[in-house]
Amino acid sequence: MEENLSEEVKNDLILREKALKGEKTGYPSRDKVWLKYYPEKEIKATLPDVNAYDFLYDKNKNYINRNALNYFGRKITFKEMFDNINITENALRNYGVKKGDIVSISLPNTPEAVYIFYALSKIGAVANMIDPRTSIHGIEDYINEVDSKLLIAIDVAIPKLLNIKNTTNIKDIITVSPADSLPLVMNLGFKAKMFFESFKNKDNANNEKNNFISWKDFFNSGKNKIKNFSTVDENVSELPVLIVHTGGTTGAPKGVLLSNKNINAMAFQSMQFPTDLKREHRWLDIMPPFIAYGIGTGLHFPLCVGMETILIPIFKPEEFDNLLIKYRPNHISGVPSHWNSIINSKKLKNADLSYLITCAVGGDSMDKKLEVASNKFLSEHGCKYKITKGYGMTEVNGSIGRTTNENNIIGSVGIPFAKSNIAICDPETGVELGYNEQGEICMSGPSVMIGYFNNKKETDNIKRVHSDGKEWIHSGDIGYMTEDGNLFVVDRMKRIIVRHDGFKIFPSAIESVIQSHPKVKMCKVVGMPDIDNVQGELPCAYIVLNDNMVDYSEFEKELSLICEKKLPEYSQPALIKYKENMPLTSVGKVDTLKLKEEINQEMLKKQDSKKYIK
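Everything in the sequence shown is counted per my numbering, starting at 1233 for the first residue and increasing by one.
Don't take each hint at face value.
Stated by the list, open to error - Here are the in silico distance ranges between beta carbons for each label pair:
#1 Gln1670 to Asn1639: 20 to 26 Å
#2 Glu1240 to Gly1662: 42 to 48 Å
#3 Glu1812 to Asp1692: 25 to 31 Å
#4 Asp1584 to Leu1394: 26 to 32 Å
#5 Thr1714 to Glu1790: 29 to 35 Å
#6 Glu1512 to Asp1290: 37 to 43 Å
#7 Glu1790 to Asp1290: 38 to 44 Å
It should be emphasised that the hints constitute simulated quantities derived from the structure, not laboratory data. Quick reminder that beta carbons are idealized off the backbone N, C-alpha and C, glycines included.
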């Protein structure tokens, strides 16, 4: 065994051999049985110790004439992209941005967002990513939290930003138009026209009055006023480079601070993963850059592979089929709900999808029925691969593992990356549990966040040092791992419903049973107040039916029989509510908080009425 290998790598090689022989201690994080799926060279591989830009450049410096970005048909080579990143870096420095500064960015998937992110990485500064659809008060809060002096925003947001200099410390606002990077001559038709109308700057007078700076003027300043700047050369991989805000689907959003190392580690491990990745492939990037899953999996990873990355600024699930037909991508990353539109697409009914390799879903759990239907659809349309599921969270840069095509079990979210680790721990004692035992999923590895920005209390709550001396993220998810290293997620701890008598109910267990009914398209279960008891909750099932023209009375009788047969008495749904469509968050997750708020208000009214009657 090579002497220059670290002790950890040497130990992982030993564990790989033991896993191949079937030798185990009985604890997933100690055995790392998933290492048997990796060749030795992947375990020995050294993580990049550079910033995000340098890792990207190193992987593509010998292929600079290949296409890096595809923006509405405009092909941007790696050379042009690197040149534009360097010009953007100069422009940012001319506007006073230096190492450690935090620049707020509120952009969709445009080439400018790419240039800015990597330019900030070169400087040693931090990109504070904000969803452009955020309310004005939300944008103000995100800016004030990090004390940004510079904001770069999409021009459609200008009406919201007219007074932001009075409510924040922002000195300059640079506006980007989606048209800034389009080809000079193109004919996108009616849909393109509608796209531009939605982004149209409606108030140029206000733009000038409030000293907004156009991207063109900002960018040109990087060409015309190049100064000599000192370089960032110490511990660059450890420097923070990104703040992304959690979705808030289970609580208040928090700013997750990620380092260059975090960003690179996820991309590097994804590149080492046993899957079919080639420089000649095309990647369809439909996930926004203001979420970790989007900027990590959707952008940095495919660009580091060297793939042509197709940027989609505004993704509409109902137009997903058109994107497949137009671009014929080899790889896609999205969320489970996107596949409903694909399966039901008339345009893809007889389409050849053999070009698809990675159909990745993350960000939310995928219903087993939808997974089976999606795999069947792909197979029937010539695709040799199954839906690729992954697991992670913003606090580990979006992903810490995924399924391989050969080891892709229905319901499983896959195996950990080679240099990452997962333990299943007792939520109350923190003690690690064995195989097939349900507990809290904890994650460790090089993509674990620096912490929540300016929030030590919440950081200490989720990021803890275990007995091995390493930092672990406590996910808040309940799951288990099989003896083959496959991880299964059961539910969110925050979604667990606790009855008045102390019994705990997993909403996902009820959802699985209800969704087994052929008339059910989707189901989400949330806790509602138990108005007949002082405390406790009962399960309320929200259901979307395949066909609204049903006999609800007969359907509920059928559903009651299924639930009585397959669920314990204490887990029976107490109430059924019907929806035409589930409410979704901005990135396509089912918004369970909104459902819970809706039923809570309804039950509280009933409780007040009950008190009044008494």
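field: Unmet hints by their number, sorted upward, for this structure
entry: 2, 3, 4, 6 and 7
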